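Participant: Here's the letter readout for the chains.
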Amino acid sequence: MAKSSRIISTCNIRTLRRLFALSALAFLPFADSGGATAAQGWRIDEAHTWIGFTIDAVGFPTTRGHFNHYSGNVLIDFDRPAKSFTSFTVDSTSVDLGAQAFNDFVKSSPLLNAEKYPTLSFVSTRVEKLDSRTARVIGNLTMLGVTRPIVLMVNVEPDPSAKGRAVAFVATGTITRSEFGMTFGLPLIDDALEVTVKTRALTDE
Amino acid sequence: MNEGGVWPGPVRLLHWASAVLVIAALGLGTYMVQLVKDPAERFELTQTHKSIGIAVLALTLVRLCLRILTNAPNPDPAAPFVLLAAKVTHVFLYGLLLVMPLSGWLMATTTPVRVPTFVFGLVELPYPSSPDLATYRIAHTIHVVSAIFLALLIVLHVAAAIIHAFVWRDRTLARMWSRRSAM
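So the protein sequences, as listed, match chains Z and C.
The opening position of the first sequence corresponds to residue 12 in this note's numbering, with each subsequent residue numbered one higher.
The opening position of the second sequence corresponds to residue -6 in this note's numbering, with each subsequent residue numbered one higher.
Chain Z extracted, bound-state conformation (with noise of 0.2 angstroms):
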């Protein structure tokens, strides 16, 4: 009686929303029974949806900035966590660092070179429940075109004022950059890039 959710997120695309809507029904066979809510309706509240990162340098206040256009998916069995599933993939034309010449400047080739590429990717390997409100989980991050392993710390909570209709998940972790060939401006930027990932998942029933 296994019970998975399929939860897919998608960009500010209207086209994705109205795929996702149908793709929805599609799945709909691969639920495991157990009657209750199965993979229907489960959507991403793109309100409360944020892939942003943080990054310290030396006599520089510390740089934040978020991805506007993205897509991935969630695939979350509540019985059995470890089968559990994530993958996006993040536009990295749409960095947003506040400012058009900083965005310029960080998509340009000494940083994200989104020219030539212009996605970054994660894609899970091991999900490990550490309790009810905990996961690790470990994937694959393709950046400037090498994969690496890391490792995101997932905190899952479902809404109590939503009666299990709402789940929201917080997943940080810290990418090394230098692992990825980014090495621009080491040392006096520094080689760790704090990354967040918020999201809400809702359903209707």
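To be clear, the hints were calculated from the coordinates, so they are not data collected in a lab.
Owing to the predicted nature of the structure, the values given are computational and were not obtained by experimental measurement.
Glycine included, each C-beta is placed from N, C-alpha and C at the ideal position.
Treat the hints with care, as some may be off.
Subject to a maximum C-alpha distance of 20 angstroms in a straight line, what follows is the list of computed SDA-like cross-link-like pairs (lysine to any residue) [to be verified]:
(1) C:K30 x Z:R75
(2) C:K30 x Z:E205
(3) Z:K94 x Z:A182
(4) Z:K127 x Z:R159
(5) Z:K118 x C:T39
For the chain Z half of the interface with chain C, some residues (derived, Cβ under 10 angstroms), not all of them [to be verified]:
(6) L108
(7) A112
(8) F113
(9) F116
(10) S119
(11) P121
(12) I200
Computed spacing ranges between beta-carbons, pair by pair [stated by the list, open to error]:
(13) C:A154 x Z:A112: 36 to 46 angstroms
(14) Z:S189 x C:I156: 56 to 66 angstroms
(15) Z:A112 x C:P121: 20 to 30 angstroms
(16) C:R60 x Z:R159: 52 to 62 angstroms
(17) C:T134 x Z:S189: 23 to 33 angstroms
(18) C:T134 x Z:A173: 51 to 61 angstroms
(19) Z:A112 x C:A152: 33 to 43 angstroms
(20) C:A152 x Z:T183: 47 to 57 angstroms
(21) Z:Y128 x C:L62: 48 to 58 angstroms
(22) Z:G70 x C:V116: 24 to 34 angstroms
(23) Z:G156 x C:G88: 42 to 52 angstroms
(24) C:A65 x Z:Y128: 56 to 66 angstroms
Put chain C on the given structure of chain Z with help from the hints.
Facilitator: Coordinates of chain C only, in the frame set by chain Z:
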């Protein structure tokens, strides 16, 4: 022979243009480093700061040529100490107006955080050597210490001009300000 006349028009114009740019660069440099918390704003202000600095460098080189090629109006009679102080201050001002933008250029060239510089969005500033942290740190120290000296000298320079004009009531300021000398 420039007997008690004024500085030539171009010299006066370039002096005041330079004054505006130098004070803007000093103000912007202090503000962007000490008071700006937003990294995007800091990034943009730094780009503007570099443009102003290169403009000061260009103006200073032109002004130095003019200074060598034109005849300076004779200074009003004054104590030898005053004349010497004026000369020394002006030499140091010219010197700092070269050291400041050159050390800034060296900072932009040698910093590991190399960001392209487009002077007022028009011309890309070349970086004649490679990033080097040790050189960057030296250039940064020179830039900051020189900025403090420059600020102090500007205060002295302005105070002296005011004293010449309103206390001693001579024509020193008028020579840099007016088209005609007040004979």
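Participant: Each hint needs a verdict: does it hold in this structure or not?
Facilitator: Status of the hints after comparison with the structure:
| no. | hint | in the structure |
| --- | --- | --- |
| 1 | C:K30 x Z:R75 | holds (12 angstroms) |
| 2 | C:K30 x Z:E205 | holds (19 angstroms) |
| 3 | Z:K94 x Z:A182 | holds (18 angstroms) |
| 4 | Z:K127 x Z:R159 | holds (19 angstroms) |
| 5 | Z:K118 x C:T39 | holds (18 angstroms) |
| 6 | L108 | holds (5 angstroms) |
| 7 | A112 | holds (5 angstroms) |
| 8 | F113 | holds (4 angstroms) |
| 9 | F116 | holds (6 angstroms) |
| 10 | S119 | holds (8 angstroms) |
| 11 | P121 | holds (7 angstroms) |
| 12 | I200 | holds (6 angstroms) |
| 13 | C:A154 x Z:A112: 36 to 46 angstroms | holds (38 angstroms) |
| 14 | Z:S189 x C:I156: 56 to 66 angstroms | holds (58 angstroms) |
| 15 | Z:A112 x C:P121: 20 to 30 angstroms | holds (24 angstroms) |
| 16 | C:R60 x Z:R159: 52 to 62 angstroms | holds (60 angstroms) |
| 17 | C:T134 x Z:S189: 23 to 33 angstroms | holds (28 angstroms) |
| 18 | C:T134 x Z:A173: 51 to 61 angstroms | holds (57 angstroms) |
| 19 | Z:A112 x C:A152: 33 to 43 angstroms | holds (38 angstroms) |
| 20 | C:A152 x Z:T183: 47 to 57 angstroms | holds (56 angstroms) |
| 21 | Z:Y128 x C:L62: 48 to 58 angstroms | holds (55 angstroms) |
| 22 | Z:G70 x C:V116: 24 to 34 angstroms | holds (27 angstroms) |
| 23 | Z:G156 x C:G88: 42 to 52 angstroms | holds (49 angstroms) |
| 24 | C:A65 x Z:Y128: 56 to 66 angstroms | holds (60 angstroms) |
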